[in-house]
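S.K.: For the protein sequence lines, the chains are A and B, in the order given.
Residues in the first sequence are numbered consecutively from 1, following our numbering.
Residues in the second sequence are numbered consecutively from 1, following our numbering.
It should be emphasised that the hints constitute simulated quantities derived from the structure, not laboratory data.
These numbers were taken from a predicted model, which means no experiment stands behind them.
Some hints could be false.
Any copy will do: because identical chains look the same in the list, a pair fits if it lies in one copy or spans two.
Stated by the list, open to error - Derived pair list, reagent style DSS-like, types lysine-lysine, alpha-carbon separation capped at 27 Å:
{"no.": "1", "residue 1": "K442", "residue 2": "K54"}
{"no.": "2", "residue 1": "K60", "residue 2": "K448"}
{"no.": "3", "residue 1": "K339", "residue 2": "K448"}
{"no.": "4", "residue 1": "K325", "residue 2": "K240"}
{"no.": "5", "residue 1": "K442", "residue 2": "K343"}
There are 2 protein chains.
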Amino acid sequence: MKLLDELVGMLGRQYVLTGEDAQSYLVDWRGRYSGQAIAVARPGSVQEVAELIKWCVANKVPVVPQGGNTGLCGGATPDDSGTALVLSLGRLTQVRSIDTDNDTMVVEAGCILQTVQQAARDADRLFPLSLAAEGSCTIGGNLATNAGGTQVLRYGNTRELVLGVEVVTAEGEIMHGLRGLRKDNTGYDLRDLFIGSEGTLGIITAATIKLFPLPVAQCTALVGLRSINDAVSLLSNARKGFGPALTGFELIAGACLHGVVECYPQQRIPFEGESAQLPWYALLELSDSESAEHARERFETVVGDAIEAGLVVDAVIAENISQSKALWHLRESIPLAEKTFGKSIKHDVSIPVSRMAEFVETTNAALQTYFPGIQHVIFGHLGDGNLHYNIARGSQYSEEQLLGMQDAIYELVHESVYQFDGSISAEHGVGQLKRDALPRYKDPVEMKLMRRIKQALDPHGIMNPGKVLASRK
Amino acid sequence: MKLLDELVGMLGRQYVLTGEDAQSYLVDWRGRYSGQAIAVARPGSVQEVAELIKWCVANKVPVVPQGGNTGLCGGATPDDSGTALVLSLGRLTQVRSIDTDNDTMVVEAGCILQTVQQAARDADRLFPLSLAAEGSCTIGGNLATNAGGTQVLRYGNTRELVLGVEVVTAEGEIMHGLRGLRKDNTGYDLRDLFIGSEGTLGIITAATIKLFPLPVAQCTALVGLRSINDAVSLLSNARKGFGPALTGFELIAGACLHGVVECYPQQRIPFEGESAQLPWYALLELSDSESAEHARERFETVVGDAIEAGLVVDAVIAENISQSKALWHLRESIPLAEKTFGKSIKHDVSIPVSRMAEFVETTNAALQTYFPGIQHVIFGHLGDGNLHYNIARGSQYSEEQLLGMQDAIYELVHESVYQFDGSISAEHGVGQLKRDALPRYKDPVEMKLMRRIKQALDPHGIMNPGKVLASRK
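With the rest of the complex left out, here is chain A:
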């Protein structure tokens, strides 16, 4: 109780949660991970975060930083020892400044991503990071996990959208690194070391992020394809023909679209006959700095050429914003439709684009050998080499059977990813979920250097122990 009293002394009673009040912070949003903690601390300033960390060092209390608690790998959930402090950044919600001439904005870690997007839009600017959880995830969590999303093809991952960070170190010091500079070669890149480290090296409390001009128009097309190889060739042509105006290139298996319309009959696949029965489709998005007409014209030229070259079987180009939205809606409904068909086994993998076709063919075949009749639910950001390579039970297996097969399927897919020079975590991070798999697929020298860095920056081992790397004994 001494520890709890001290926490209350530091923050005030209302910002130290225990019991029922703490519950939602101790379980991840999908209910897959749960743990215990001394309490949940909700500091109201960077200074309070720093004080808390100093207190944790002095009392040997492990810290689990938490943003919107929307992670997919258990990175923000404490273990069940009950010895840790969950440190929620939820009260650090200031947009500290917007500089439209410098195209930068300084935001605190607890800002909801959607709030950040809106603040940019209010200043006639775009902050392009966009992902399914944007209504509840925080920019701090996005930074901690180097989140990806749907705009990576053009704008990069979260890492590429950040110019500077403010960090409370594992010893409770404040690193003032909120520079708004596009060029700064004064020493080691500490910014990128903290980004993606999942709270295991320090706590990012604020960041200077990049803003972009809002596109004048966006236009979407859906094209039907005979193979992934054709999709890869089309991607190459589209990058050439559209340049950086190409902001999306999503690959979708035909079966996914059929699943969507089966589940949501009010949606429809905008093709007829043979064109509606193709094995693969691609959704392309253009962001134009001229006009909607110009975007459509560009689509007609580049997609027209691809049809003539035999790469594309059929194509629909949205004629207005609502048609564009309907096409995106098909894509976005896939995970929801997937859910209504029961539990599935999900993989967030990346593969060099050039090896994608071979990876899918080889892995599908291996899965059918060991788990005949299993169903493939394949879609993803082809432009980034990022595939959501998911497996559904189909009519062959029960939910229980699928769960029983889960570990073997994970292993088969991860081994295949490894063979094809891919990554077992493209955009979700490591957390607890993939921690023990990591040493198997990562270069041993990289693992060694990661442990050295952990030791150097978190000498007391209090920062989110057991995440990314196994705890030191």
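Use these hints to put chain B onto chain A, whose structure you have.
M.R.: Chain B only, in chain A's frame:
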């Protein structure tokens, strides 16, 4: 002699240079830094680099890695103790692979930048890194210093152009990190830690770099402006109007252009009357994925609007490639013209774009107060907030007087940069030149973490000691 014999035993006599043969490796290309070494080792493979480092650890021999020896801060020159080994990467010149579907290329550290650009072009792709030394600098040196250059506005610094690195660590192990993935969230960002660390943490021996489609057309415009503030507003409008097709935005003081035509009478400023006497000019470059006509049309629209809004006084849009080249030639001739007017004091600084006008005004005024009559030679990459803020002696001072004032001018400018939240090294790095200034302008917590990382990754302190950070006693 024992050490030398062992080196010869490892590499063969022809690849261990001493005496006259070593001389050009012991002085930087501008002759500002020189040192001594046991020898210059020229390993022919990554394995040999690793062996050499292990040997250096065993014999406590400091290592100075060297690429094309074109650095500007003395980062690749040994000290004068004669105890170090210069390790030249010049024989690691393989383009190991090109993957046009994945838009990546694997190159070894010793490849000349121009060779890398050409290899990309031969595969119908663009590798956009471009800088003055491209005919002799190596990609390894570009990586070690996170080089900038003229295309940063659109494509980013070297850091942003790299997906993976292969590194020989400070203990002679090989880190296999040549991934060709655009998304990979499996642990700490070691890649970006080595990039920009100037050979003080390990040796980058190869990299997987990003390729882009070649633009279909490029077009250039020169516009005359009344103030830096107008230039900043124009930059904002141009980013909005052109989107990512805007690949260059260079700010040039009127005095620089007049210096160029005075020095090279065959060149001319393409304006008449008042328009030729403006205080500032900007050079804009568009890279178009449609056609040269389209690029010109876009220029006419956006620059036309800026003239109507009173932001731009006058403008010339190139009508063909040779006119574009002539405009760029004016810009590129500034440093050469500068040289013919005698020694100058150069600063490679960055400032938030929004504070650029105020920085120049304040700093110019302070310099005139302390050094009346001194001349300002100001130009740079406004789009990146990167200014070459140079000082010439004019007719007021002799070369000797200027040199005598040098340290005071450095300090005045750096202090001003600091006041305006800028960086004292935008793209050239730290090396020896700015090492001792760094702790004055960098956050003390950042300095502390940098030293921790140095200690963790280079525990024997053999990697390029005395560069970036002071050597440990």
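S.K.: Are any of the numbered hints broken by this structure? If so, which, sorted upward?
M.R.: 3, 5
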